[in-house]
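There are 2 protein chains.
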Amino acid sequence: MGTSVFGEKEFLACCGSTKFAQEMASAAPFATYPQAVEAARDIWFNKVDVNGWLEAFAAHPEIGEQSTALATATDFTLQELYEANTRYRQKFGFVFLICASGRSTPEILAELKKRYPNRPIVEFEIAAKEQMKIIELRLSKLFTTEESDASKSREQWNA
Amino acid sequence: MGTSVFGEKEFLACCGSTKFAQEMASAAPFATYPQAVEAARDIWFNKVDVNGWLEAFAAHPEIGEQSTALATATDFTLQELYEANTRYRQKFGFVFLICASGRSTPEILAELKKRYPNRPIVEFEIAAKEQMKIIELRLSKLFTTEESDASKSREQWNA
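Protein chains in written order, with my numbering: chain U, 1 to 159; chain B, 160 to 318.
Hints are computed from structural coordinates only; laboratory data are not their basis.
Any given hint could turn out to be false.
Claimed, not checked - Keeping only pairs whose Cα atoms sit at most 30 angstroms apart, straight-line, the calculated DSSO-like set for lysine-lysine is:
1. U/47 - B/292
2. B/288 - U/129
3. B/300 - U/19
4. B/250 - U/91
5. B/178 - B/250
Stated by the list, open to error - Pair ranges (Cβ atoms, derived):
6. U/75 - B/190: 20 to 28 angstroms
7. B/191 - U/138: 47 to 55 angstroms
8. B/250 - U/119: 38 to 46 angstroms
9. U/74 - B/270: 48 to 56 angstroms
Here the structure is a predicted model, which is why all the values come from computation and not from measurement.
Backbone N, C-alpha and C define an ideal beta-carbon position, used for all residues, glycine too.
When you get a sec, could you build the whole thing from the sequences and use the hints?
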């Protein structure tokens with residue numbers, strides 16, 4: 001293919017803001033993953049408004065429900081993380097967001113405790129930056145999947 | 160009296176965030192206006208979350224509907240302000256907020272145009288700071304009214 005053929009549905013799976021998905025679909029196709037990331041950064045930080053940020057945050061499960069990165073957690077740590085996340089949500093009005101990739105549960109818990117005293121507006125922007133990291137990861141998976149799909153179809157075509 | 164006897168209703172008229180009004184009512188009574196402002200600043204910037212900020216912003220009329228400070232506006236300037244405000248709301252998802260006290264309509268319009276290119280998160284924080292100025296003005300009126308009411312009741316008592 002050479003260029004991506006993703007639509008709104010795929011971009012909405014990367015980031016739960018409708019505006020983000022629409023703008024990405026308008027900007028598509030992207031010849032490369034870095035070009036998709038560049039467009040995504042511009043859309044997420046400059047075009048999606050604060051309501052869109054909240055919409056995207058609301059599309060995430062509570063951190064206790066995320067199975068990834070929590071496989072090694074003891075019941076005690078998980079319970080503590082669950083309670084800390086509840087307090088976080090009560091203070092800030094949205095779920096604790098962190099790009100959990102490569103981080104252990106105790107690391108995530110420590111980060112949550114470190115960020116908790118922040119002013120709401122400061123934490124809002126940190127959460128948006130974490131969301132951008134998550135978008136990059138998901139876009140990368142999208143492009144990887146597309147390539148392997150392309151390989152697959154090449155294989156099928158060759159067969 | 161010496162101390163303020165305001166409740167949630169009066170504080171909600173200063174700022175349309177329910178959380179703000181509740182926290183102010185809990186922190187009341189305030190012996191002086193500066194003490195009320197100090198409490199209000201802490202509550203608005205540190206305790207009201209971003210949803211509460213949006214709730215407070217939504218309680219404001221569109222700037223074209225505000226009669227104060229627009230008395231001297233020509234029809235042309237008013238129309239331009241109205242259109243600029245519509246574009247602003249489309250980009251940011253909330254009404255253009257400015258402490259209009261002492262500013263002419265052309266000054267307000269110039270400020271709107273200057274702020275329009277801002278990133279949504281930057282503009283969100285500027286709007287919150289303008290909201291704080293509005294809160295201070297309204298609190299000041301509340302305290303002034305209370306004093307004149309107190310004078311009035313003294314007058315009535317003396318009569």
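Given hint residue 91 of chain U paired with residue 250 of chain B - CA-CA distance at most 30 angstroms
holds (27 angstroms)
Could you say whether the range 48 to 56 angstroms given as a hint is met by the Cβ separation of residue 74 of chain U and residue 270 of chain B?
Holds - the Cβ-Cβ distance for residue 74 of chain U and residue 270 of chain B, about 55 angstroms, lies within 48 to 56 angstroms.
Range hint compliance [Cβ, residue 250 of chain B to residue 119 of chain U, 38 to 46 angstroms]
Violated, since residue 250 of chain B and residue 119 of chain U (Cβ atoms, about 24 angstroms apart) do not stay within the stated range.
Residue 288 of chain B and residue 129 of chain U were given as a pair; does the straight-line alpha-carbon distance stay at or below 30 angstroms?
holds (22 angstroms)
For the pair supplied as a hint, residue 178 of chain B and residue 250 of chain B, confirm whether the alpha-carbon distance does not exceed 30 angstroms.
holds (26 angstroms)
Hint says 20 to 28 angstroms; check whether the CB-CB distance for residue 75 of chain U and residue 190 of chain B agrees.
Once the Cβ atoms are compared, 50 angstroms apart, the range 20 to 28 angstroms for residue 190 of chain B and residue 75 of chain U is violated.
Check the hint pairing residue 300 of chain B with residue 19 of chain U against an upper bound of 30 angstroms on the C-alpha distance.
Status violated; Cα separation ~41 angstroms.
So the hint says 47 to 55 angstroms: do the beta-carbon atoms of residue 191 of chain B and residue 138 of chain U match that?
About 53 angstroms separates the Cβ atoms of residue 191 of chain B and residue 138 of chain U, which means 47 to 55 angstroms holds.
Can the restraint linking residue 47 of chain U and residue 292 of chain B be considered satisfied, given a maximum Cα separation of 30 angstroms?
Given that 30 angstroms is the threshold and the Cα spacing comes to 27 angstroms, the pair holds.
Hint compliance for this structure: hints 3, 6 and 8 are not met, and every other hint is.
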